[in-house]
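Q: Sequence:
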Amino acid sequence: MKIRDALAAQPAGQAVTVAGWVRTRRDSKGGFSFIEVNDGSCLPNIQAVVPASLPTYEADVLRLHTGASVEIDGTLAASQGKGQSVELQATAVRVLGFADPEAYPIQKQKTSLEHLRTIAHLRPRTNTFGAVARVRSALAGTVHQFFQSRGFVWLPTPIITASDCEGAGAMFQVTTLDLDKPARTQDGALDFNGDFFGRRAFLTVSGQLEAETHACALGDVYTFGPTFRAENSNTPRHLAEFWMIEPEMAFADLARDMAVAEAFVKALVDAALTRCAQELAFFEQRVQPGLTAMLRGVLEHDFVHLTYSDAVAQLAKAGRAWEFPVEWGKDLQTEHERYLTEEYCRKPVIVTDYPAGIKAFYMRMNDDGRTVRAMDVLVPKMGEIIGGSQREERIGILESRMRQSGLDPRNYWWYLDLRRFGSVPHAGFGLGFERVLQFITGLANIRDVIPFPRTPKSAEF
RNA sequence: UCCUCGGUAGCUCAAUAGGCAGAGCGGGUGGCUGUUAACCACUAGGUUGCAGGUUCGAGUCCUGCCCGGGGAGCCA
Numbered sequence: 003m004k005i006r007d008a009l010a011a012q013p014a015g016q017a018v019t020v021a022g023w024v025r026t027r028r029d030s031k032g033g034f035s036f037i038e039v040n041d042g043s044c045l046p047n048i049q050a051v052v053p054a055s056l057p058t059y060e061a062d063v064l065r066l067h068t069g070a071s072v073e074i075d076g077t078l079a080a081s082q083g084k085g086q087s088v089e090l091q092a093t094a095v096r097v098l099g100f101a102d103p104e105a106y107p108i109q110k111q112k113t114s115l116e117h118l119r120t121i122a123h124l125r126p127r128t129n130t131f132g133a134v135a136r137v138r139s140a141l142a143g144t145v146h147q148f149f150q151s152r153g154f155v156w157l158p159t160p161i162i163t164a165s166d167c168e169g170a171g172a173m174f175q176v177t178t179l180d181l182d183k184p185a186r187t188q189d190g191a192l193d194f195n196g197d198f199f200g201r202r203a204f205l206t207v208s209g210q211l212e213a214e215t216h217a218c219a220l221g222d223v224y225t226f227g228p229t230f231r232a233e234n235s236n237t238p239r240h241l242a243e244f245w246m247i248e249p250e251m252a253f254a255d256l257a258r259d260m261a262v263a264e265a266f267v268k269a270l271v272d273a274a275l276t277r278c279a280q281e282l283a284f285f286e287q288r289v290q291p292g293l294t295a296m297l298r299g300v301l302e303h304d305f306v307h308l309t310y311s312d313a314v315a316q317l318a319k320a321g322r323a324w325e326f327p328v329e330w331g332k333d334l335q336t337e338h339e340r341y342l343t344e345e346y347c348r349k350p351v352i353v354t355d356y357p358a359g360i361k362a363f364y365m366r367m368n369d370d371g372r373t374v375r376a377m378d379v380l381v382p383k384m385g386e387i388i389g390g391s392q393r394e395e396r397i398g399i400l401e402s403r404m405r406q407s408g409l410d411p412r413n414y415w416w417y418l419d420l421r422r423f424g425s426v427p428h429a430g431f432g433l434g435f436e437r438v439l440q441f442i443t444g445l446a447n448i449r450d451v452i453p454f455p456r457t458p459k460s461a462e463f
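Plus 2 on top of the position in the first sequence (first one is 1) and you've got my numbering.
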């Protein structure tokens, strides 16, 4: 029986068997020991009361320490002690595996997140990482529910891509060439004709361009999968491998794009509060005081809409000595974004209509000729969690924007075909799944919301 | 990649001015108790990240390297 179900049961002496890992053991000379067991099904442990009269008591039970695995038969009973309502009166304890307390790296007192990162194979046995894993799983389900219930089609865009210039950052190269003695052309360059795909290939940095193909056929689609960036980013907000959700909607403008983005973020927050209440209460208590009130506030208020130009004007009026000067045409710096979300608006903000010069070629040009229909969703503490736009559907403008960005339109022939044949207005955005998890759990470092973080110089486990 | 802070017992940390390397937790032993961050006593536990240098003497000062945290950039 899962401990989650055992703790939720009305204790009436029913016989159950639970299996899990020992969190702590306390001995009483009153003739029994208390063993707290966790099986990962929920945050709380179940307390087993183990009588010293069990035949295995001396040899096994008294040797149990944090980390050992056990299977316990017993009956569920109302607890005589404080701190739990249900406990397990053990009738048999079978040790599945001992854990040497001298060697086991997780102790029952507080351990730093930095240290736990070095033991990623064992950290899911802690309260924090068990809770993160359950929240992550629940919200992954919510992602699909949210879009499926709105008629979006899930689209698995390729992880391996041949476009070497999607414009979203440095890419990891995928190759089967022998790196010790690679084939070369007559002029000495690497010969990719002999590579697996007969050309250079990479891990995807975004599924957007491919998603547009299906949006322009199925209407509304979304991607949900891994994404890879080879940037040498060393921050608490960046991973080399992360998960991204990218909806793409045909016959949609920026207004609908923003409406879906806001509804989506709120759906994720709402799901966390309702489906992961124990985990959120734990994060509130141990990770970020005020977390749940902040998340409820997100649900209760509309996101603020602000154009880039208005944001710049507001920052100029703030009377601050900015480390980076505020100037129309330059991208907003972290300090600017934090001011907007944490002080000026005190809630999530959607900044729209950025200067064309600082945004990607595929974003739709506004009539003013100098801004594009882009939108970034900024949240307090985290900054950007969503970046999106209405896409440029006019082929002539799109081609000239490509050339301005130094891209050869011929490499995007299939992308341009979408505009050549039955072009429609469409829009979409990308949401960083781990960043939302950070926002919702309050964990400050993105490496703690993914089981096995990949960052520069770090791919252990 | 740049700036900055750090690396001391299994874990979390301390070590005054360069002068015998410590505490709490965890472990072991004993005591006590329907306990629950249990409690009390005793006890074991160290190449102070690595390599070099200065000094009578280096955890402490200097140089290089490795690893980690924070800030910035790139972005989701």
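Please note that a few of the clues may not be correct.
[Stated by the list, open to error] 25 Å max Cα-Cα, derived DSS-like pairs, lysine-lysine:
id, residue 1, residue 2
1, K319, K383
2, K383, K268
3, K84, K112
4, K319, K268
5, K31, K110
6, K4, K110
[Claimed, not checked] Listed next, with one range per pair, are the computed distances between beta-carbon atoms:
id, residue 1, residue 2, range
7, R65, L179, 52 to 58 Å
8, G424, A185, 25 to 31 Å
9, T19, S151, 36 to 42 Å
10, A261, R186, 51 to 57 Å
Honestly, the hints are just simulated from the structure, not real lab data. Every residue, glycine too, gets a C-beta built ideally from N, C-alpha and C.
Q: Each of the hints needs a verdict: does it hold here or not?
A: Hints, verified against the model:
About 22 Å separates the Cα atoms of K319 and K383, which keeps this hinted pair within 25 Å; it holds. Distance restraint check for K383 and K268: the Cα-Cα separation of roughly 17 Å lies within the 25 Å cut-off, and the hinted pair is therefore satisfied. For the suggested pair K84 and K112, the alpha carbons sit about 23 Å apart, so the restraint of at most 25 Å is met. Distance restraint check for K319 and K268: the Cα-Cα separation of roughly 31 Å exceeds the 25 Å cut-off, and the hinted pair is therefore not satisfied.
The straight-line distance between the Cα atoms of K31 and K110 is roughly 22 Å, inside the 25 Å bound, and the hint therefore holds. Simply put, K4 and K110 have alpha-carbon atoms about 22 Å apart, close enough for the 25 Å limit, and the pair holds. For the hinted restraint 52 to 58 Å between R65 and L179, the CB-CB distance of approximately 54 Å keeps it satisfied. Under the hint 25 to 31 Å, the C-beta atoms of G424 and A185, about 42 Å apart, miss the expected range.
Between T19 and S151 the CB atoms are about 38 Å apart, so this pair conforms to the stated range of 36 to 42 Å. Separation of A261 from R186 is about 53 Å and conforms to the stated range, judged on CB atoms against 51 to 57 Å.
Violation of the numbered hints given earlier is confined to hints 4, 8; the remaining hints are satisfied by the structure.
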